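Student: Sequence:
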Amino acid sequence: MGENMHHILRLCYSAELIKVIVTFLCRDSAKNAQQDPQFGSWDLSGIKQFQSWCKEQGAIEFSPHISGSRLSQQSFWDLEWNTQYLSKLIDAYALTFLRKALLLTHIHFGVDFANPNENPELPELQRLARTLRLPSPQEVVTQLGNDEELQMVAARWINSVLVSTATKERLRTDAQYLSHPTIFELVGLPKHYDTLTEEAIKRRCPTTGKEVTDPAICLFCGEIFCSQASCCMTDRNKGGCFQHREK
1 MGENMHHILR LCYSAELIKV IVTFLCRDSA KNAQQDPQFG SWDLSGIKQF
51 QSWCKEQGAI EFSPHISGSR LSQQSFWDLE WNTQYLSKLI DAYALTFLRK
101 ALLLTHIHFG VDFANPNENP ELPELQRLAR TLRLPSPQEV VTQLGNDEEL
151 QMVAARWINS VLVSTATKER LRTDAQYLSH PTIFELVGLP KHYDTLTEEA
201 IKRRCPTTGK EVTDPAICLF CGEIFCSQAS CCMTDRNKGG CFQHREK
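Numbering (UniProt numbering) for the sequence shown: 1 to 247.
Simulated from the structure, these hints should not be mistaken for lab results.
All figures in this text were calculated on a predicted structure; none of them were measured in a lab.
Be a bit skeptical, because a hint or two may be false.
[Said to hold, decoys possible] Each computed DSS-like pair below joins lysine-lysine, with the alpha-carbon atoms no more than 25 Å apart: (1) Lys19 - Lys48; (2) Lys100 - Lys88; (3) Lys19 - Lys100; (4) Lys100 - Lys55; (5) Lys210 - Lys247; (6) Lys100 - Lys48; (7) Lys48 - Lys88; (8) Lys247 - Lys202; (9) Lys202 - Lys191; (10) Lys88 - Lys19.
Please construct the entire structure, taking both the sequences and the accompanying hints into account.
Tutor: Encoded structure:
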């Protein structure tokens with residue numbers, strides 16, 4: 001892979017992380033998320049510096065035409081966030097991007113990574129970033145706060161999204177597509193069926209509070225509920241499984 005392609009890869013990497021930052025800044029969850037002592041955080045002051053730069057330049061102001069977004073009520077540079085929540089999200093999406101980038105460079109460009117498991121004690125995120133010669137998410141955020149060229153590019157990216165949203169009322173900034181950062185998989189089932197039946201016995205019907213009748217389990221979230229029992233039947237003659245699917 002040549003230097004030109006590596007430059008494009010790094011640019012796409014920065015764009016992905018900026019997209020994650022802006023998307024979640026426009027959601028209330030970024031501000032209202034609770035602190036979790038199990039997870040750490042890292043310095044996100046670069047985002048605040050980028051917001052200050054936008055304010056000085058008069059870039060990315062509020063957009064009242066975007067419903068359901070914090071940008072419809074306040075300017076981009078006034079948006080606040082929970083540092084732990086946002087840094088965890090940035091790491092998760094960065095890891096997904098780096099995994100895809102590693103596969104792309106190996107399959108399409110034939111790059112042979114001699115020892116991808118070098119320094120196995122390091123987190124996967126750090127190992128992949130080093131292998132691909134890309135900065136860490138924290139370094140990208142720091143660059144966003146200090147590099148005026150990146151700030152100008154990022155502002156144009158964000159404004160292009162706002163313009164696109166303004167011309168298509170069905171779109172919303174907080175609904176910009178971000179694929180889920182984890183691997184899609186169904187809920188794991190226990191080795192023995194008895195374990196599953198015992199778990200079903202412990203559950204209670206959400207309607208009556210009694211034992212679950214004809215229990216069913218959702219393999220997407222693991223919730224157990226009544227399947228075809230009359231206690232959870234609606235006036236539309238729909239049972240518990242159908243109601244759960246509509247949630």
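Student: Look at each hint and say if it fits the structure.
Tutor: Outcome of the hint check:
1. Lys19 - Lys48: Given pair Lys19, Lys48 holds - Cα atoms ~16 Å apart, limit 25 Å.
2. Lys100 - Lys88: Answer holds: Lys100 to Lys88 is near 19 Å, not above 25 Å.
3. Lys19 - Lys100: Satisfied, since the Cα-Cα distance of roughly 17 Å is no more than 25 Å.
4. Lys100 - Lys55: Answer violated: Lys100 to Lys55 is near 35 Å, above 25 Å.
5. Lys210 - Lys247: holds, 22 Å
6. Lys100 - Lys48: violated, 29 Å
7. Lys48 - Lys88: With a Cα-Cα distance of about 17 Å, the restraint between Lys48 and Lys88 holds, given a limit of 25 Å.
8. Lys247 - Lys202: Holds - the C-alpha atoms of Lys202 and Lys247 are around 23 Å apart, at most 25 Å.
9. Lys202 - Lys191: holds, 18 Å
10. Lys88 - Lys19: holds, 15 Å
Of the numbered hints listed earlier, those contradicted by the structure are 4 and 6.
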